[in-house]
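One line per chain: the protein sequences are A and B, in this order.
Residues 1 to 305 (the numbering used here) are what the first sequence spells out, left to right.
Residues 306 to 574 (the numbering used here) are what the second sequence spells out, left to right.
If you're looking for bench data, these hints aren't it; they were derived computationally from the structure.
Please read these numbers as outputs of a predicted model, since none were measured by experiment.
Glycine included, C-beta positions come from ideal geometry on N, C-alpha and C.
Keep in mind that a hint or two might mislead.
Now the in silico label distances, taken between C-beta atoms and shown as ranges [unchecked claim]: (1) P329(B) / G133(A): 31 to 39 Å; (2) N534(B) / P169(A): 22 to 30 Å; (3) S167(A) / W330(B): 44 to 52 Å; (4) G402(B) / S167(A): 41 to 49 Å; (5) L15(A) / G402(B): 25 to 33 Å; (6) L552(B) / E48(A): 55 to 63 Å; (7) N308(B) / I233(A): 24 to 32 Å; (8) V4(A) / G402(B): 28 to 36 Å; (9) G402(B) / D202(A): 36 to 44 Å; (10) L319(B) / D299(A): 41 to 49 Å; (11) L459(B) / Y215(A): 37 to 45 Å.
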Amino acid sequence: MRFVVRRLLGAVPSLLVVSLFIFMLQHLAPGDPTILVTGPVVSDEVYERTRKQLGLDEPLPVQYWTFLSNAVTGNLGTSLLSKRPTLDLIVERLPRTLAVSLGAMALSYAIGVTAGIIAAIRRGTVWDVLVMGGATLGMAIPGFWLGLMLIMFFAVRLGWFPASGASSPKHFVLPILALGIGEAASIARVIRSSMLESMSGDFIRTARAKGLREYVVIVRHALRNALLPVTSILGLQIGFLLTGAVIVETVFGFPGLGRLLIESILNKDFPVVQGVLLVIGLMIVIGNFIADVIYRVVDPRITLS
Amino acid sequence: MGNWQVLLGATISLLLILTAILAPWLAPLDPAKQDLLATLRPPRTAGHLLGTDELGRDVLSRLIWGARASLLVGLLTACVSICVGVPLGLVAGYFGGRVDTLLARTVDAVLGVPSILLALGLAAIFGPSLLIIVISLGLVWWASYARIVRAEALALKSMAFVEAGKSIGCSELRILFRYLLPNVVPIVLALSASTVAAGILVEASLSFLGIGTQPPTPSWGAMLSTGRNYIHSAGYLSTLPGVAIVLAILSLNLLADGLRDIADPKLRR
Numbered sequence: 001m002r003f004v005v006r007r008l009l010g011a012v013p014s015l016l017v018v019s020l021f022i023f024m025l026q027h028l029a030p031g032d033p034t035i036l037v038t039g040p041v042v043s044d045e046v047y048e049r050t051r052k053q054l055g056l057d058e059p060l061p062v063q064y065w066t067f068l069s070n071a072v073t074g075n076l077g078t079s080l081l082s083k084r085p086t087l088d089l090i091v092e093r094l095p096r097t098l099a100v101s102l103g104a105m106a107l108s109y110a111i112g113v114t115a116g117i118i119a120a121i122r123r124g125t126v127w128d129v130l131v132m133g134g135a136t137l138g139m140a141i142p143g144f145w146l147g148l149m150l151i152m153f154f155a156v157r158l159g160w161f162p163a164s165g166a167s168s169p170k171h172f173v174l175p176i177l178a179l180g181i182g183e184a185a186s187i188a189r190v191i192r193s194s195m196l197e198s199m200s201g202d203f204i205r206t207a208r209a210k211g212l213r214e215y216v217v218i219v220r221h222a223l224r225n226a227l228l229p230v231t232s233i234l235g236l237q238i239g240f241l242l243t244g245a246v247i248v249e250t251v252f253g254f255p256g257l258g259r260l261l262i263e264s265i266l267n268k269d270f271p272v273v274q275g276v277l278l279v280i281g282l283m284i285v286i287g288n289f290i291a292d293v294i295y296r297v298v299d300p301r302i303t304l305s
Numbered sequence: 306m307g308n309w310q311v312l313l314g315a316t317i318s319l320l321l322i323l324t325a326i327l328a329p330w331l332a333p334l335d336p337a338k339q340d341l342l343a344t345l346r347p348p349r350t351a352g353h354l355l356g357t358d359e360l361g362r363d364v365l366s367r368l369i370w371g372a373r374a375s376l377l378v379g380l381l382t383a384c385v386s387i388c389v390g391v392p393l394g395l396v397a398g399y400f401g402g403r404v405d406t407l408l409a410r411t412v413d414a415v416l417g418v419p420s421i422l423l424a425l426g427l428a429a430i431f432g433p434s435l436l437i438i439v440i441s442l443g444l445v446w447w448a449s450y451a452r453i454v455r456a457e458a459l460a461l462k463s464m465a466f467v468e469a470g471k472s473i474g475c476s477e478l479r480i481l482f483r484y485l486l487p488n489v490v491p492i493v494l495a496l497s498a499s500t501v502a503a504g505i506l507v508e509a510s511l512s513f514l515g516i517g518t519q520p521p522t523p524s525w526g527a528m529l530s531t532g533r534n535y536i537h538s539a540g541y542l543s544t545l546p547g548v549a550i551v552l553a554i555l556s557l558n559l560l561a562d563g564l565r566d567i568a569d570p571k572l573r574r
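Could you build the full structure based on these sequences and the hints that come with them?
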């Protein structure tokens, strides 16, 4: 429990850095942030009033504090384009992106762990070569291109799944596949090498000597230990999946957080860009936190120094 | 195992680099020349081996020129990351102490930043460009070089040849750059092959989103983004640039894996 609290406190600086960067985006931008809101043709009076409304007449630290305290209370500003609160836009789309990311994560573990085990216990056979070859290829295929190929095959040619949108569970299948397969490839590689290591441990020989069935030896004894390195990359994976989702959503015209981000960037809708980046940053920090806790629970030898 | 990987990876990567350099001579046609009377011609049309795109531009020529944007981002990112990460890693590993602790903390924090999101954030304010991509990737990826070089330097500094150098009165600078640096070259090379691959992937992704290479400059990612609009009628526009990307990333990954096996025999399994 003490570990959880300490780790939670440790996440605060990273959140501050992320929020500071996102806050600074607006000020790093060439041009006047007030003009972005008012438009280029504006009377001095309106200009001054807007500037005050936006709080841009305050010193930077004060502005950052306002930004931060607003963000904490869920006030992420208003979209310049749709005039709707940024938070509403995000809340509307977040569940879809989470569903795709978590779905892809589940898929990648299901495929990756199975393939990795097969390659390890059949080391040097055709199975091993197939899995490793597939994994090497899988890691080289960009998710967005895989998405295009899936659309071409399963949506255009076979008509099994819709090519874009998010109105039914069927719409989630292709994005999850596009996002999950690349991740599965890297998980398979990690599992294979850690399985090979754990299979050579003394405790495996003991387990076999006890006369345990091979299935029990592999799943209950070897795999348990082999899963550790995968847990340690879990945190990184959350980042990969979320940024991957940003790109894959565009391929499928999928109305999630990623699509919102890209559209806002292209439309120079800064409050939304900032809001989405903040939420994604927050999710990555939370994800890393959960991953660390899991790692600690799974491996009691690890202590936080 | 390592050798054939390196050979295959290096051959394809080299061909790719040559393609990018020799693009003006290799490309059969001008990649920007439009022919609105011959749009969306399928591959193996007379005069257009790989067909034409929605503006009647020659796909093969655009693929050849597209190698430039990809490799430019990949190689520049690797250069920036090496120039920043390697010296920092050497110094931290060799001297240790506070500098080392500070660097280790920074590296941990930086590596947690998703580089694509950083690139998106910067592109949002400065507008899309290749330079923005290189800067945002460099800002994150120097840290992996610093980390790996630091570990190497730490292991190397207690070795006999370094002691020997010190005992004949070499300056710290000479130890760092003439004794340690040459020994970290193999592992840095291995890492740089994967950096180039990752750079190519990010360039393609961002150009696909419309936030990377801007038209009319040919880029594989941007070609895929227009290909998406013609996925029903002209599938080759979505297929071919993707094959180029996969081939480039695959060859560089093979090269990186092979080089890593050679540079660090401990990792070989």
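Results of checking the hints against the structure:
1. In this structure the supplied range 31 to 39 Å holds for P329(B) paired with G133(A), their Cβ-Cβ distance being about 36 Å.
2. Between N534(B) and P169(A), the C-beta spacing of about 27 Å keeps the proposed range 22 to 30 Å intact.
3. At about 51 Å, the CB distance of S167(A) to W330(B) agrees with the hint of 44 to 52 Å.
4. For the pair G402(B) and S167(A), the beta carbons lie near 59 Å from each other, so the given range of 41 to 49 Å is not met.
5. Checked against the hint of 25 to 33 Å, the C-beta distance between L15(A) and G402(B) comes to roughly 29 Å, which is consistent with it.
6. Between L552(B) and E48(A), the C-beta spacing of about 57 Å keeps the proposed range 55 to 63 Å intact.
7. Look at N308(B) against I233(A): about 28 Å separates their beta carbons, and that is inside 24 to 32 Å.
8. For V4(A) and G402(B), the hinted distance range of 28 to 36 Å is satisfied, since their beta carbons lie about 32 Å from each other.
9. Taken as a hint, the range 36 to 44 Å holds for the pair G402(B) and D202(A), whose Cβ atoms sit roughly 39 Å apart.
10. A hinted range of 41 to 49 Å holds for the C-beta pair L319(B) and D299(A), which are about 43 Å apart.
11. With their beta carbons about 43 Å apart, L459(B) and Y215(A) fall inside the hinted range of 37 to 45 Å.
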